[in-house]
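Sequence order for the protein chains is A and B.
Numbering-wise, my numbering comes out as the position in the first sequence, counting from 1, plus 155.
Numbering-wise, my numbering comes out as the position in the second sequence, counting from 1, plus 73.
Derived from the structure by calculation, the hints contain no laboratory data.
Where is the CB? At the ideal position from N, CA and C, for every residue including glycine.
Do not rely on the hints blindly, as some may be mistaken.
[Stated by the list, open to error] With a cut-off of at most 27 Å between alpha-carbon atoms, the simulated DSS-like pairs for lysine-lysine come out as follows: (1) A:Lys680 x B:Lys112; (2) B:Lys210 x A:Lys426; (3) B:Lys110 x B:Lys168; (4) A:Lys695 x B:Lys127; (5) B:Lys82 x B:Lys167; (6) B:Lys157 x A:Lys695; (7) A:Lys429 x B:Lys168; (8) B:Lys119 x A:Lys695; (9) A:Lys657 x B:Lys119; (10) B:Lys167 x B:Lys213; (11) B:Lys167 x A:Lys616; (12) B:Lys195 x A:Lys251; (13) A:Lys680 x B:Lys210; (14) B:Lys119 x A:Lys703; (15) B:Lys142 x A:Lys703; (16) B:Lys142 x A:Lys657; (17) B:Lys157 x A:Lys657; (18) B:Lys210 x A:Lys703; (19) B:Lys205 x B:Lys167; (20) B:Lys127 x A:Lys680; (21) A:Lys657 x B:Lys167; (22) A:Lys680 x B:Lys110; (23) B:Lys195 x A:Lys680; (24) B:Lys142 x A:Lys680; (25) A:Lys695 x B:Lys205; (26) B:Lys78 x B:Lys127; (27) B:Lys78 x B:Lys167; (28) A:Lys616 x B:Lys112; (29) B:Lys210 x B:Lys195; (30) B:Lys205 x A:Lys680; (31) B:Lys167 x A:Lys695; (32) B:Lys112 x B:Lys167; (33) B:Lys210 x B:Lys127; (34) B:Lys168 x B:Lys195; (35) A:Lys669 x B:Lys127; (36) B:Lys82 x B:Lys142; (37) A:Lys616 x B:Lys127.
[What the hints assert, rightly or not] Chain B is faced by these chain A residues, among others (derived, beta-carbon under 10 Å): (38) Gln569; (39) Leu617; (40) Glu640.
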Amino acid sequence: MSIYKRFVLIFVILLLFAVYSYASIEESKPEMEHRMITLILQLAVIVITVRIFGVIFRRYLKQPGVLGELFAGFVIGPYALGSIILPILNQPLFPKLGTVLPVTPELYGIAVIASIVLLFMAGLETDLPTFLRFSFVGSIVGLGGVILSFFLGDMIAVLLLPNVDSFMAPAALFLGTLSTATSVGITARVLSEIRKMSSPEGVTILAGAVLDDVLGIVILAVVVGISRLGLSGAGVDWGKIGLIALKAFGFWVICTGLGIVFATRLTRWLKWIKSPDAIAGVSLGFALFLAGLAEMAGLAMIIGAYIMGLSLSQTDMADELRNRLHGVYQFLVPIFFCVMGMMVNFSAMKGIIIFGLIYTLFAILGKILGCGIPAYIMGFNLKGAFRVGAGMLPRGEVTLIIAGIGLSTGAIGQDMFGVAVVTLLVASIIAPPILVKSFEGGNGLRNENLLKKEEKGCQIKLEFPSVHIASFICSRILQAFRNEEFFVHRLNIEGQIYHIKKEDIFITLIQRDKTIELNTSTENKHLVSLIVLEEILELKELLEAVHKLKSPEYLYTELATGLFSEDEE
Amino acid sequence: MNLRKLLSKDNIFLDLKSNTKEEIIEEIIDRLVASGKIKDRNAALKAILERERKMSTGMENGIALPHGKNNSVDKLITAIAVKKEGVDFDSIDKKPAKIFVLTLSPLNRTGPHIQFLAETSKLLRDSETREKVLSAKTPKEIIRLFNE
């Protein structure tokens, strides 16, 4: 029996056993225990299913694992298999609830915690130095994309939805906000695969996406405030809207400003704790605290979490925090995507399929034109401008969180939630092939002078005899930069791309199988060469030291002797 | 990087006397010991020579960057030294080395150590700067030159 079949069989047995235990306990347990048992069983099924779907999507469909997790939600959710009454259970595992949200409050609560962790990590990963370095072109591009996407998303809702009559209606505002957020992870992966990460288009996309995230979240803060006002029955009162926008923006600016100013002091205080795990725990606690404060201030929780992450992102602890919290992230975030998938009710979308398609089309146009036109004006040619626009296409977690908030506050219905998820799926699936195709052919710059500074770089490329040696040297080089007090930032968790920064020195390190590639400006070639040189010497010495050991054959024989003899003690 | 903080008249030596690679390194270390920057002379010397044994730090155009790591120092120690006539330093371009940028840094302690070497050698890439270093009469001139 293959390992996969065995795995599926174990999963089915576990599921049946869980369902059976659940059924036998169900009648005798009081309400609270009953709810907890339901939650635990739901989590068990979710945690295992998302992993299976994640692997299938990554390995066989060559799509991001996130889409698989979302898809797992469709399949096991209350609108699909989850609604089937299980014979032993006498009820579905994921029953359709008559409330605004189709999942239990407990499960939704876990998804909310996951979204806070997700945004805290997104904040921690924000690459402010890259943004600042390429900020001029990047901000214009990011801003263009956000403004046009928001406008088109909102306008489509006003024009096509019968119950939306004003640009300021909560549903319209949410649909506008939904189409603003870019998920740069997918683009970063594609760019690194086709080796265009440090191209003028690549750096512009990465810088633009930072602004995009920040602006998307500021807009969300304002939109949540306005929609709450709208839902409480008041008409469009510009004075109040202005006040809310000011409050949201004020909260954002003050908290981010305070966060960045006090981050070093906070870090010093946190370091007093000494245990890295305790530091990570306390930091996450602060993120939860600020998330709660943001919600109390009438904004969304994720804004607080993002601000906390952003504040700590430039401290020397950021990398350590990311590493320590990686496990929590890996466990919780797939649950979030799965729960979001569960909330998609395809039958509620029947009447608005055409609307969904038009909305998706405009969401794509919003980014291609919104980012492409400013890119063209800033000196890219048509080809380059299209590449920048295509790079900003993928939508991701922020879109889902915004949609989730819209659904839970009642600003959008299940139909629009479905539209948001479909847009995300379409944009994220079509973006990689478009991006790869668009990078075929020549130069994307019309005005060579514009990005001259970034272009005048040097590349150090080293090839090693095996992947293991390359990985070893890669980790040594990164550690050497850290020892030199550089800030090393891994661009995405799945790939081997690092940004290495200190003051105005900016280096990109990419490991691809047996090769290590370092890109930097000609000015910093000395530094990079000297650091790499020292590490190569260390490797040479290490290899010499290995030779001085007893001969490998002797060690092998010594270790292998007795493994299969019976007279072992 | 602020080179001014790391350079002073106590670690700029413009009149080296020695005539071989080892002696040059020894002389710089001895002068740093004399100015109180290094406590354990032999440990410091061993660290620098050990690094030279792995591969010479003689670069091109008369520049050499002898350096090492050792716990005989508790912070980055730097020196810039000149031997106008040059000595054979087993350099990449086989030319004699005339300008020496030496660093000694503690093991397992973070700090901009290699960066100091990189920043200085970046400045020395310019032939005019190299000439100015070679013709400098006082450490002050070197400090001024490196902070221009």
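We went through each hint and held it up to the structure:
1. A:Lys680 x B:Lys112: violated, 34 Å
2. B:Lys210 x A:Lys426: violated, 47 Å
3. B:Lys110 x B:Lys168: violated, 30 Å
4. A:Lys695 x B:Lys127: holds, 9 Å
5. B:Lys82 x B:Lys167: Cα-Cα ~30 Å, so violated.
6. B:Lys157 x A:Lys695: violated, 34 Å
7. A:Lys429 x B:Lys168: violated, 51 Å
8. B:Lys119 x A:Lys695: holds, 19 Å
9. A:Lys657 x B:Lys119: Violated. Lys657 of chain A to Lys119 of chain B sits at ~31 Å, over the 27 Å cutoff.
10. B:Lys167 x B:Lys213: Given that 27 Å is the threshold and the Cα spacing comes to 30 Å, the pair is violated.
11. B:Lys167 x A:Lys616: holds, 25 Å
12. B:Lys195 x A:Lys251: Given that 27 Å is the threshold and the Cα spacing comes to 68 Å, the pair is violated.
13. A:Lys680 x B:Lys210: violated, 31 Å
14. B:Lys119 x A:Lys703: holds, 21 Å
15. B:Lys142 x A:Lys703: OK: Lys142 of chain B and Lys703 of chain A at ~23 Å, within 27 Å.
16. B:Lys142 x A:Lys657: With Cα atoms ~22 Å apart, Lys142 of chain B and Lys657 of chain A stay inside 27 Å; holds.
17. B:Lys157 x A:Lys657: Distance of about 35 Å is beyond 27 Å: violated.
18. B:Lys210 x A:Lys703: violated, 49 Å
19. B:Lys205 x B:Lys167: holds, 22 Å
20. B:Lys127 x A:Lys680: OK: Lys127 of chain B and Lys680 of chain A at ~22 Å, within 27 Å.
21. A:Lys657 x B:Lys167: Roughly 34 Å between the alpha carbons, so the hint for Lys657 of chain A and Lys167 of chain B is violated.
22. A:Lys680 x B:Lys110: violated, 30 Å
23. B:Lys195 x A:Lys680: holds, 9 Å
24. B:Lys142 x A:Lys680: holds, 22 Å
25. A:Lys695 x B:Lys205: Given pair Lys695 of chain A, Lys205 of chain B is violated - Cα atoms ~37 Å apart, limit 27 Å.
26. B:Lys78 x B:Lys127: violated, 30 Å
27. B:Lys78 x B:Lys167: Answer violated: Lys78 of chain B to Lys167 of chain B is near 33 Å, above 27 Å.
28. A:Lys616 x B:Lys112: Violated - the C-alpha atoms of Lys112 of chain B and Lys616 of chain A are around 41 Å apart, more than 27 Å.
29. B:Lys210 x B:Lys195: holds, 22 Å
30. B:Lys205 x A:Lys680: Holds, because 23 Å separates the two Cα atoms, which is no more than 27 Å.
31. B:Lys167 x A:Lys695: holds, 23 Å
32. B:Lys112 x B:Lys167: It is violated: about 34 Å lies between the C-alpha atoms, which goes past 27 Å.
33. B:Lys210 x B:Lys127: violated, 34 Å
34. B:Lys168 x B:Lys195: Measuring from Cα to Cα gives roughly 19 Å; hence the hint holds.
35. A:Lys669 x B:Lys127: With a Cα-Cα distance of about 25 Å, the restraint between Lys669 of chain A and Lys127 of chain B holds, given a limit of 27 Å.
36. B:Lys82 x B:Lys142: holds, 23 Å
37. A:Lys616 x B:Lys127: Given that 27 Å is the threshold and the Cα spacing comes to 22 Å, the pair holds.
38. Gln569: Violated, because the Cβ-Cβ distance from Gln569 of chain A to chain B comes to roughly 53 Å (cut-off 10 Å).
39. Leu617: It is violated, given that the least Cβ distance between Leu617 of chain A and chain B is near 16 Å, above 10 Å.
40. Glu640: holds, 5 Å
Going down the numbered hints, you'll see the structure goes against 1, 2, 3, 5, 6, 7, 9, 10, 12, 13, 17, 18, 21, 22, 25, 26, 27, 28, 32, 33, 38 and 39, while the others check out.
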